[in-house]
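Asker: Sequence:
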Amino acid sequence: MDILILFASLVVILLGAEAFTNSLEHFGERLGISEGVTGSVFAAVGTALPETMVPIFAILLSSGSETLRHEVGVGAILGAPLMLATLAFFLMGFFAARKRGWQGTLNPEPIGFARDLLWFNWAFCLGVIAVFVPQEWGWVRPIIAGTLVILYVVYLYQTIRSSANLVDDGHGTEADHPLYMTIAGLPDNLMVILFQVGCGLGLIVLGAKGFVYGIEQLAPKWGVSALALSLLIIPIATELPEKVNSIIWIRRGRDTLAVGNITGAMVFQGSLLPALGIMLTAWVPQHEILMGMAMTLVAACYLTWVVRRGVLKPIHLVMNGLCYVMFVVSVLFW
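Mapping to UniProt numbering: the sequence shown position 103 is 103, numbers consecutive.
FYI, nobody ran anything at the bench for these hints, they're computed from the structure.
Because the structure is a prediction, the values reported are computed rather than measured.
In this text, a Cβ means the ideal position worked out from N, Cα and C, and glycines have one as well.
Where hints are given, some of them may not hold.
Taking CB as the label site, the calculated pair distances span [said to hold, decoys possible]: (1) Gln135 to Arg251: 45 to 55 Å; (2) Leu118 to Leu290: 19 to 29 Å; (3) Pro142 to Ala294: 18 to 28 Å.
With the hints as constraints, model all of the structure from the sequences given.
Answerer: In structure tokens form, the structure reads like this:
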């Protein structure tokens, strides 16, 4: 029954993500904003809501023990940027290679791509540092958490400020499919677009709650720690289905939207969510946590190096996939 709940939650999240992505394209087009803002801010933050809701629900609202609640929360917080920096990029590269070949090129808007990676690296490094702060230094952790929040606010300002120039350079958002609500007979206006956005987000949050319940029930039955199960399953189940958006966009040649959907979520989940974990959980060094952080930073720093070289190809993203495999092996067998 618990596995059925997980599967049903996955289906709900998929439906919500599809409706959300479709409405965001129309929202960005109507506002006349760039693909970078649509992908890195609106799509990234919106589709990151499951990972935002899972730790909040697990840490603050769940009825389980404090240790279980914290393990599920920390797993969801750290598992999301790990999965995005590794598996999500590899899958995007894989589907791009099917149309362009492994030596083909990916052409996201370069300034926004580099900016997202830079901000993520700095923010996530602060989260890593916080793991090693002694518990008795209670005054340090709020400072780190506050800094992470400020970093994300500054990142948003820079991203939105660059929108006008990107639109002038031909990177404006354009919807290439009709709004789903209009197929049902509703008018194509801003209120209907926002209504579909709300419906998509509602389905995503509903699915996230189902996953928290399923993880709490399955962890003791399978003999796996809630932390390990959360790091492995929650991000794949709640984040990866939404990153199908990036696969759809990359297959349509919408590289900026595809990449921004991932990197924007990385910045969001590498700054605001660790701030939440630092303030509300023990946030201590454990084997699974340290390996997850290490593989996330290796993948993100490697990708930053590739981007700085000026050419991004699907073959480059195989390395990101290998980082995820190394993490899974370390958690299950070491």
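Asker: All hints are to be evaluated individually against the structure, with a verdict given for each.
Answerer: So, going through the hints one by one against the coordinates:
1. About 48 Å separates the C-beta atoms of glutamine 135 and arginine 251, a value consistent with the hinted range of 45 to 55 Å.
2. Taking the beta carbon of each, leucine 118 and leucine 290 are about 23 Å apart, inside 19 to 29 Å as hinted.
3. Distance hint check: the CB atoms of proline 142 and alanine 294 are about 25 Å apart, consistent with the given range 18 to 28 Å.
Every hint, counting from the list given before, is met by this structure.
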